[in-house]
Amino acid sequence: MKKIIDAVETIVDQALDGMVVAYPEYLQRVEGTLVLARSKPKETGKVGLVSGGGSGHEPAHGGYVGYGMLDAAVAGEVFTSPTPDQVYAGIKAADRGAGVLLVVKNYTGDVMNFDIARELADADGIATEVVLVNDDVAVQDSLYTTGRRGIAGTVFVHKIAGAAAEEGADLSSVKVIADTVVANLASMGCALTSCTVPANGKPTFELGANEMEMGIGIHGEPGIERVPMMSASELTASLYHRLVAELSLGDGERIAAMVNSMGATPAIELAIMSGHLANLTKSSKLSLEKVLMGEFMTSLEMAGASLTLLRLDQQRSTLLNAACDTPALKVVQH
Amino acid sequence: MKKIIDAVETIVDQALDGMVVAYPEYLQRVEGTLVLARSKPKETGKVGLVSGGGSGHEPAHGGYVGYGMLDAAVAGEVFTSPTPDQVYAGIKAADRGAGVLLVVKNYTGDVMNFDIARELADADGIATEVVLVNDDVAVQDSLYTTGRRGIAGTVFVHKIAGAAAEEGADLSSVKVIADTVVANLASMGCALTSCTVPANGKPTFELGANEMEMGIGIHGEPGIERVPMMSASELTASLYHRLVAELSLGDGERIAAMVNSMGATPAIELAIMSGHLANLTKSSKLSLEKVLMGEFMTSLEMAGASLTLLRLDQQRSTLLNAACDTPALKVVQH
Amino acid sequence: MPHVIPRHLKLCSISMASMDQVAFRQLWRRFAELIHENREVLNDLDAAIGDADHGSNMDRGLGKVVEAFNANSEASLHADAKLVGMTLMSTVGGASGALWGSGMLKFSTALPDAAVVEWSGFIDALGAFVEALSKRGQAVVGDKTMMDVFLPAMTELRDSVDVQEGSEEIVVALAEHAKGWSDATRDFVARRGRAAYLGERSIGHIDPGSVSAALWFQALADTVRDQVS
Amino acid sequence: MPHVIPRHLKLCSISMASMDQVAFRQLWRRFAELIHENREVLNDLDAAIGDADHGSNMDRGLGKVVEAFNANSEASLHADAKLVGMTLMSTVGGASGALWGSGMLKFSTALPDAAVVEWSGFIDALGAFVEALSKRGQAVVGDKTMMDVFLPAMTELRDSVDVQEGSEEIVVALAEHAKGWSDATRDFVARRGRAAYLGERSIGHIDPGSVSAALWFQALADTVRDQVS
Ligand SMILES: Nc1ncnc2c1ncn2[C@@H]1O[C@H](COP(=O)(O)OP(=O)(O)O)[C@@H](O)[C@H]1O
Ligand SMILES: Nc1ncnc2c1ncn2[C@@H]1O[C@H](COP(=O)(O)OP(=O)(O)O)[C@@H](O)[C@H]1O
Ligand SMILES: [Mg+2]
Ligand SMILES: [Mg+2]
Ligand SMILES: [Mg+2]
Ligand SMILES: [Mg+2]
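Residue numbers (my numbering), protein chains in the order written: chain G, 119 to 452; chain C, 119 to 452; chain Y, 160 to 388; chain B, 160 to 388.
Hints listed in this document are in silico derivations from the structure and should not be mistaken for laboratory results. For each residue, glycine too, the CB sits at the ideal point set by N, CA and C. Check each hint, because a few of them may be wrong.
Reference listing, derived: stretches of chain B covered by chain C, where coverage requires no fewer than 3 residues with Cβ under 8 Å from a Cβ of chain C [as the list claims (entries may be wrong)]:
| id | region |
| --- | --- |
| 1 | 201-212 |
| 2 | 215-224 |
| 3 | 238-252 |
| 4 | 256-262 |
| 5 | 352-364 |
Only chain G is shown next, with the shape it has when bound in the complex (with noise of 0.2 Å):
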């Protein structure tokens, strides 16, 4: 295992306080916690907005606090998703009174964790919500399972329902939009090479010279299936028809999409997926509005790509154009 790292226990506590050396204008760590929250908090009376899970997706999450998405972001070990009395710290941090949202992704772990979270932050009463998303159609649906898991997409959730609660929405109606965000929301991501948990030490998975895992989980969980290297054409087809088909996106609808890193993938060849996504979504006759293009959500030092498609409607497009300042994202008005 090769990283710049001192000892595997201290990374997330080390790089929080990184992160906040970094982003002094942006973040400060909440006192004794895994929480980083903004430097400056929004005013009171507007809904605030709670992101985590593991480490080891940055800039996810912490890179996405600040004005227009999130208040807080609240760190687990890598790839282990946070503990109740820390998110309940987030929420804490979070919270101006009218209540918080709490973006989850869809993990067991995640979901209980923050589950028992809100169980705290009810008895001091602290309104909670919680919008669980679950974007990555590798995993197939289902009612009797833990479902589809959460990956690159959440972002859009952030941004969107950030966006929202920025301009004075109040807790059901920001939940609302990012309920339908997820609902108009699909993902899709594949690994070249594994990444390696640092508590680990090893690579979790192995993968051929000429293989690729199509469907990768975000915390190198195994895909849906293995097959031999595509060209950056075949792939990012091979993407896009999976999530339109999953959006049964028709002609004429208005879309925003992400070209997203694993971590090792450069920035050159996620260039190359997009120009692809550009033709592909004008054979297909979508209106390609926006597309967020580099690392968003990465496993670590994975190499591999991940593609989200959003469908838009006006609202949806109004919040993801509306301004925004994170260390992570920044959307200028021009």
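Please arrange chains C, Y and B with the ligands on chain G, whose structure you already have, making use of the hints.
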């Protein structure tokens, strides 16, 4: 070689189109060239800024085209300096009647190709100046050889000279400012793994499981020393002290820093380095006014990081903190 | 491995009529040891159908439990169990952290504010623990989770408690059965937890959480054996 | 490998009094072939002391030169050489692109607007080429660059030109010497180009640009041999 590409020959061309897909509000491609220029050119009468170099260093340089930084970026093949006709096209795109400053990283190939382009611009009556960036202290400076290399610190030159140009400084003033940035700039990097140049198909070098290469170049050129893996603390200190000595930084001086990923090294590791950096500057009584942390000047999917220090004075500090709005670097006034 | 009991002693049927704080702490210390020894195994099992951290998670949390024991001498079994629950809840993380943590808090509320509890009271508290897990996690037998060990183990303990009190034979047998129930998860399709995303591809791998659950019953057996010897 | 000349023919001393467009294009087509065959070798040499692209760069550019030849039939040697220069300049990139490109443009200006040039005129144009390289790159003999081949080669050609015109013997010998000069760069410390950053660590590796320069003289030898045969 595992990359999300279609064909080695079309990588750069496709990636440039993809950049425009992702950032249409920032970038346009100059027809028939490898030049990305601002989609909204700056006012006439202001100095233009052109940078460029081989591809594979994304977001450099197209990511820095926008308000307050570059006017045009010229791409070469992966790790190969652009050709004079392309640079010349960049100069023409950037020229708003007040001349153009070329930001050139000090590599023989870049220097010569930009020089030839200047001869072409000269014949066309476009005034140009060059700033040669040579921040890599891993390489001994010498008048009798090629001198030092230009690496990640180049981004500080874009930012500061770009802000000066945006403010309306004339060509010779912008050049003077850019030169003083270079005179106060020092960087050094390390590699944990090699990158693979697409046209070459195999890793440029091999490192043992417990080895790192100190002083690596951004094209996978050998560094100065192969050493056993260091902890984040040791590594940051080793780079830091080297840079402090090189710049002769003394008590109370003001600095800005960049903690840059070579590509595969994830943000969580950069954050750990940033934490150490803050402690180191405290110990040496330097005032760390700004940290740029992230991927600024990469080497494809190489794992590793570089550290840059820039001595600040009031002018450089003001220009560094001036608003800018580009795909890869945004400074928002708070 | 400490507390190794000479083989011949195993044959005599000795029981533990009650569980006191010493035994309770010993049980958790032993569990911590077993988890630490099996950390890699658990991570590797989790790598196959999850995210490769179950061993790290449990080991981190149980290490903290041992630290908490060393730092705090609590006044009652209730307080001891609460200490375990709070510590696991705040240090394990993931699905197992929420389950073990909230489960142990329920366990603690079922224990008296006293230094010792009857064996049957201990079993009842364990029942509260398992019930809390069921409620929180919604997993049933066959879902390929730790419940594939806890649910049948609870039935076996309840069936035995009227007849024998903390018999070494019972807990040793239970530990063996627990191992068997855990092994049996290999053939199940995961329906809860991270492995559920794999569907049919989860077949052929033992569920890591069931292995750590079985180790807990191993720790219980080791503790009873040691206490009665 | 086309244009292979039977061994016994090598012994007769035949000369090429002039170079025409056919020979000139043949020379560059042959150079393109040699570079393409040695692409990997050149990249590997560049990987050791540079950035692993010299083979790719030259191969890309020379491939384009061949394409340009196929697409354009120019009216003169001057125009042919200019086509080569412009093509290399705009497609090779890197240090070698600037040098070969601007060098060949100077070469073209030294050539007449005619279909053929005397051998001595060809050597003069080559002199202009090498001079342009010196000016642009500032490298001298011993700096571990392509100049370690071009400078001594130029001296050897100039010394010979009065005595013999385009003799096969001379160019064949020159190609061999060029290979030797290139091999000799192995012992030099690089002072120009990307390898210069390595300082002493550049010792032990042959300079890739000197190898491609030597291949150009190989192409020249092959061309003369073919023309006179
Ligand atoms: N809903 C559930 N009910 C009971 N146990 C569960 C449930 N979900 C997961 N588990 C158990 O948790 C284990 C995984 O724990 P761990 O790896 O520490 O957490 P995570 O899955 O969040 O990484 C699984 O092996 C399984 O036994
Ligand atoms: N200043 C110079 N003068 C002459 N030749 C040079 C000079 N700098 C570099 N070269 C030649 O260029 C070769 C490298 O070419 P190439 O790899 O294509 O470009 P780059 O170094 O820009 O990647 C070197 O091997 C050397 O022979
Ligand atoms: Mg986990
Ligand atoms: Mg190069
Ligand atoms: Mg796990
Ligand atoms: Mg090179």
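A quick look at each hint next to the structure:
1. 201-212: holds (count 8)
2. 215-224: holds (count 3)
3. 238-252: Our answer is that it holds, as 5 residues pass the Cβ test (under 8 Å) against chain C, meeting three.
4. 256-262: With 5 residues close enough to chain C, the hint holds.
5. 352-364: holds (count 7)
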